[in-house]
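Protein sequences appear in the order of chains A and B.
Numbering of the first sequence is given in full-length UniProt numbering, commencing with residue 1 and proceeding in unit increments.
Numbering of the second sequence is given in full-length UniProt numbering, commencing with residue 1 and proceeding in unit increments.
To be clear, the hints were calculated from the coordinates, so they are not data collected in a lab.
For clarity, every value in this text was computed on a predicted model and none was experimentally measured.
Even glycine gets a Cβ: it sits at the ideal position worked out from N, Cα and C.
Please note: incorrect hints may appear among the correct ones.
The calculated lysine-lysine pairs, modelled on DSS-like cross-linking and capped at a C-alpha distance of 25 Å, are [as the list claims (entries may be wrong)]:
| # | chain 1 | residue 1 | chain 2 | residue 2 |
| --- | --- | --- | --- | --- |
| 1 | A | K134 | A | K196 |
| 2 | A | K123 | B | K54 |
| 3 | B | K58 | A | K119 |
Negatives, chain A to chain B, calculated, CB over 12 Å [what the hints assert, rightly or not]:
| # | residue |
| --- | --- |
| 4 | D176 |
| 5 | V181 |
| 6 | E189 |
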Amino acid sequence: MSEDKSAIPIHDTDAQGEKVELDYDKKTAQGEICVKVICLGDSAVGKSKLVDRYLIDGYKPQQLSTYALSLFRHRTTVNDEKVLIDIWDTAGQERFQSMHRSYYHQAQACILVFDATRKKTYKNLSNWYAEMRKFRPSIPCICAVNKIDENMEVTTKSFAFCTQNNIPLYYVSACDGTNVVKLFADAVEKAVAYKKDPVDIEDQIMEELENM
Amino acid sequence: MALNPQYEAIGKAFTQQYYALFDDAAQRPQLVALYNAEQSLMTFEGQQMQGSAKIMEKISSLTFQKIAHLITAVDCQPTFDGGILVNVLGQLKTDEDPPQSFTQVFVLKPANDSFFIQHDMFRLVIHNVAA
Chain A
1 MSEDKSAIPI HDTDAQGEKV ELDYDKKTAQ GEICVKVICL GDSAVGKSKL VDRYLIDGYK
61 PQQLSTYALS LFRHRTTVND EKVLIDIWDT AGQERFQSMH RSYYHQAQAC ILVFDATRKK
121 TYKNLSNWYA EMRKFRPSIP CICAVNKIDE NMEVTTKSFA FCTQNNIPLY YVSACDGTNV
181 VKLFADAVEK AVAYKKDPVD IEDQIMEELE NM
Chain B
1 MALNPQYEAI GKAFTQQYYA LFDDAAQRPQ LVALYNAEQS LMTFEGQQMQ GSAKIMEKIS
61 SLTFQKIAHL ITAVDCQPTF DGGILVNVLG QLKTDEDPPQ SFTQVFVLKP ANDSFFIQHD
121 MFRLVIHNVA A
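Next up, chain A with everything else stripped away, as it sits in the complex (with noise of 0.2 Å):
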């Protein structure tokens, strides 16, 4: 497919170590699933606060900065599974730029994220939704509204663009922890059903190839 050719290498390691290509698509070289979830929303919401408190303690994303963006690994087991998760997050190249499509591609999951403390952060995810959609138009996609131990009014409100596009919405504190492993675990367990079940016809091509 031409559009791999756009895609970011993002490296595994196969079992004599060496270094392969990570497809989405494929399992990696050690049998997991693998799974790629994206973060999208204003700049300042918190997308990367909300990871690394997910991910707790020190953990060092791996920084692509010539990609401009932030790779968080992970491993865990989903029913039974080995699965490798990796949550991409902007480096802020959104600030300047539209993002580019390879950050869509073979994505399985989208995390949205507005801040409880700024409106418009709530009106741009329609933006954000609307671009995503162009790349992946059925991948499961989940909101959150980040900050809520600065606003908690807003854990009482309901938001529109949620109900009217039947996603559903997370309320979220980075900074005190509120639902943020509740948040990527819902992210990650939909990611892995999608993987399995894909919608769009071109992850169904792929399905298919690698069941054969």
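Fit chain B to the given chain A structure using the hints.
Just chain B now, kept in the frame of chain A:
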């Protein structure tokens, strides 16, 4: 018009002043004075605009709260119409983001004993396409 022998000093002084204004949110609107109302062209991450009003609109639409430019190298050349070509290589840091490299090119055009920015091209140094 002849080559301006002061090209190096002017180019460097301009660069310093430009980023000092840019990095201070209170003074950033003053950048408008460095552009011409019609005869300034900007290409910002591939997006083209003309005239100081449109250029300032772009600059003020950027969403960071804080920005700091750190200049690595400034190269200047005099142009044969008395202007100055300036190429800037540097890094910038916005809010809590990791630093990013950027490159910016200016053409300074002489007018009324001073200069204005006739051309301005800005790019982040990001290689999204695998080599």
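Note to self: With the threshold set at 25 Å, check whether the alpha-carbon distance from K123 (chain A) to K54 (chain B) stays at or below it.
What the structure shows: Holds, at about 24 Å.
Requested in this report: Starting from K134 (chain A), check that the Cα of K196 (chain A) is at most 25 Å away, please.
Outcome: 22 Å, holds
Beyond 12 Å from each Cβ of chain B, as asserted for V181 (chain A): 22 Å, holds
Item to check | D176 (chain A) remote from chain B - nearest C-beta pair above 12 Å | outcome: 19 Å, holds
Quiz prompt | Status of the stated non-contact between E189 (chain A) and chain B (beta carbon gap over 12 Å) | solution = E189 (chain A) is indeed farther than 12 Å from all Cβ atoms of chain B, at 29 Å.
Within a Cα-Cα threshold of 25 Å, do K58 (chain B) and K119 (chain A) meet the stated pairing? 21 Å, holds
Consistency with the previously given hints is maintained throughout, with no hint failing.
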